[in-house]
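Got chain F sorted already, so can you dock chain G onto it with the hints?
This is what each chain is made of:
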Amino acid sequence: MDKIKLRQICFYFACVAPSVKFIVYPATLTYEAGNDLLLAALGSFLAQGLVLAAVFWLSSRTDKTFFALLQGAFGKAAARAVYGAFALYFLFSALLPMLEQRSFVMLVLYENVPSVLSYAPFFAVSAFACSKGFKALGRAADLALPLFCTAFAVLIALAVPEADFGALLPVARRGAGIFRGGLFGLNWHAECAYPLFFLGRFERNKGDAAKVLLSFAAGAAAVLLFLAVFYGVFEDIAVLRQNSIAHISKYTTAFTSLGRIDLLFIFAMTLVNVFALCVPVQMCVHCTHAALPRCGRLWPALAASGALLAAVLLLNYSFLEMQQLVTQRLWAVFLLFAYAVPLAAALLFGLREGKARPAPRRRAPQSRRKRAPRSHRGREQARRIHPRKCRGRERARRLHAEKHLRQKRARLHTEKRARARSARQGAPARGGREEGA
Amino acid sequence: MNLFWTRVLTIAAGVLLLLFLSNDFGLIDIQKTAVVAAVGIDAADEEGRVDVTAQIAVPDASASEKAGNVTIKNARTVGDALAEINRKTGWYPTLVHCRLIVLGEATGGRDVFGVLNYFLRSEFVEDSCLTAMCEGRAEDLLSADSPIGELTAVAVTKVLSSEAQKTGLVCVTNLRDFAKGYYSPASSGFLPLLSALPEAESEGGGQSAALPCAAEEGGTGQSSKEGGKKADVFDASRTALFAGGRCVGVLEAAETLAFNLAATRTDFAYGTVQVQQEGKPVTYELKFKIRSKKVRLTLDGGPAALFRVRANAQIADASRASGVVEIAKTAFVPDFVLRAAEETLQENLRSALAKAAAGGCDLFALRQKLHRRYPAQEERYAAGLLQAAQPVFDIRFDTVH
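Residue numbers (the numbering used here), protein chains in the order written: chain F, 1 to 437; chain G, 1 to 401.
Some chain F residues judged to face chain G by a derived CB distance under 10 Å, without partners named:
{"hint": "1", "residue": "Ile237"}
{"hint": "2", "residue": "His247"}
{"hint": "3", "residue": "Lys250"}
Keep in mind the hints are simulated off the structure, nothing from the lab.
Where a beta carbon is used, it is the ideal one built from N, C-alpha and C, also for glycine.
Okay, chain F solo, but in the shape it has when bound:
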């Protein structure tokens, strides 16, 4: 089964998801909300946090997958239809960030004009990652943590001396602009739908929601800090700086003798962004695989990556048109799939499942867990090996012990049979074989 660890989900929200908001999002937000960009972003983060809290509330009440929940409530065909719709949505939501990053790579990482082929290898990476399921997503989140933390810290440290935070004043003077900024930025705040598909695919414990929400808050704080520094550096011309991550740190005086060392950290952030861009495609492949299990994973992965490559080639010179279309006209798609459906699903299934299955109890770490009295050990052991109670490492240990026992029994049985056979045939048989040899 396609599994992911809670730690990896936390890392995704803290480190991977913020990286897609460092390219065009700040300038787009500034265009609508001006110096109130922080308020617009904060509104989006609060809305996302609400959806995440609802989804993890649902996860605390059931260990079924979203597909199983849909199937239980509406039947298999409806579940397949919903997953199919989500597959299309995820494919659509992956397009604009990809065009964004393609443009970023072409403009920032090359000194002269590269061909469109230069970005094509990304789709090979994407196809590979998608064919591996959530395991690849989780591993990418693990890898992204040190890269993101180092790159973000250095870039911000280089940019902060150039930032004038007074530029964020006066606060809350653009009422409608703040609202529009939040609405038109939904494309960059669509990751709150992903945990819906992680349901039943990670080990549940009490306090999961708090851990994920804290990680999400850390990622949100990083984005808000970045936005504040970005606006502080560029003030009224912030709207002109499209590839913001490439610009904020280049004014430091150290570069007069060292050159642009910040590019090293921009490369690291670009790598994290590659992981982030693969996630919606992975979700698309996951949904396709769930809706059409006979297809396997490889073919949907190749098809999704191929379709996106074709779209990127086709829209090579149409980034601005696509940006306007997706952010200003199709924001309702994101509102529906990333916010309304997860929220409705959490409420609907949470209330249904809550009566049937209580939330899991938190288990203390091994070191702090009290050892049961001798008289209770038998009961404790019985509780541990109970198939509905035991999980994770205990389950692995039990399975290993059972396997070992089976092997031992089989070996004993074989030896016993061999001894019986030799007893029946008597010593000459062995001697005869030796003679024959």
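Chain G only, in chain F's frame:
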């Protein structure tokens, strides 16, 4: 994974790396790319047109950089001129390494952002490049000979370095800062005013010919003049003020220093003070270490610009002979010299503020402060703020203890 697939994947990874790193599939061959180190823009004779000079760095095997200047006359726009360089020379000019934009004096007569917007539009141009205005034509300035045998653009960028800014000699501005000022509510800004002074003569590495001893040694001086070639030095101690993109005034060197001491990132500066001592004028060269500075706008009892500067000073030099003890105690500045320095700074600041206000240039960002701190009263005060704001000085120089 068997050996076959391992080999296939290794080869594929190699091909991908080649694709990423070599840029052999780029649309423009790097061999046909002209690296533009500086751009000079002048107003053309024909109204609304520009003359654009691109200083192209030519890499040389001897590790010494050479430059070639290409000038396109009467271009409609800067972008048009750069495209014409490509058409006429076959080289595709890349501005990624452009570190200097020089505006000719005549461009200041109209909105300079008519020509500078090209650099803001393009992602291929770094907005961290230094921007300056020059006396006369930018084409002539970029054709000047550097006294130390390097690109003119490199010599000018050294004059406009961040170190020059820190010592208060020059108001260094890059394109981003200038654009921020232009697109702010005050629509104001400032640029260093460059002038090429034909003073130096160089021979090989370059040597100044202004030494009096050289004139006395007749033969040596003569040979130096004959064998050496004329070279120019660059001065950027004056500052051009802009309002609405037009040049509206010029700050002199002392005013530039005062502005830097009060409002910019200068934290270590040299300044001269004249005092009467024993009935004779004596000039002291003081070294200032700025401890804190702030320009505030207050609206209590009418708009006022409050300048607060705290600095430590010590004597660097004096125009009269001093006793050995006095030289040893160079860290101790007489009180009357400190007060005279404060007075000088106040006078220069008042003069700079008056010049800026007369031209409508918001040199000390008062309009911006009004917008940020007093948004409710912005409408009331915005129109005549620069003229109405009275300077209030709270300047104190201390001697080192």
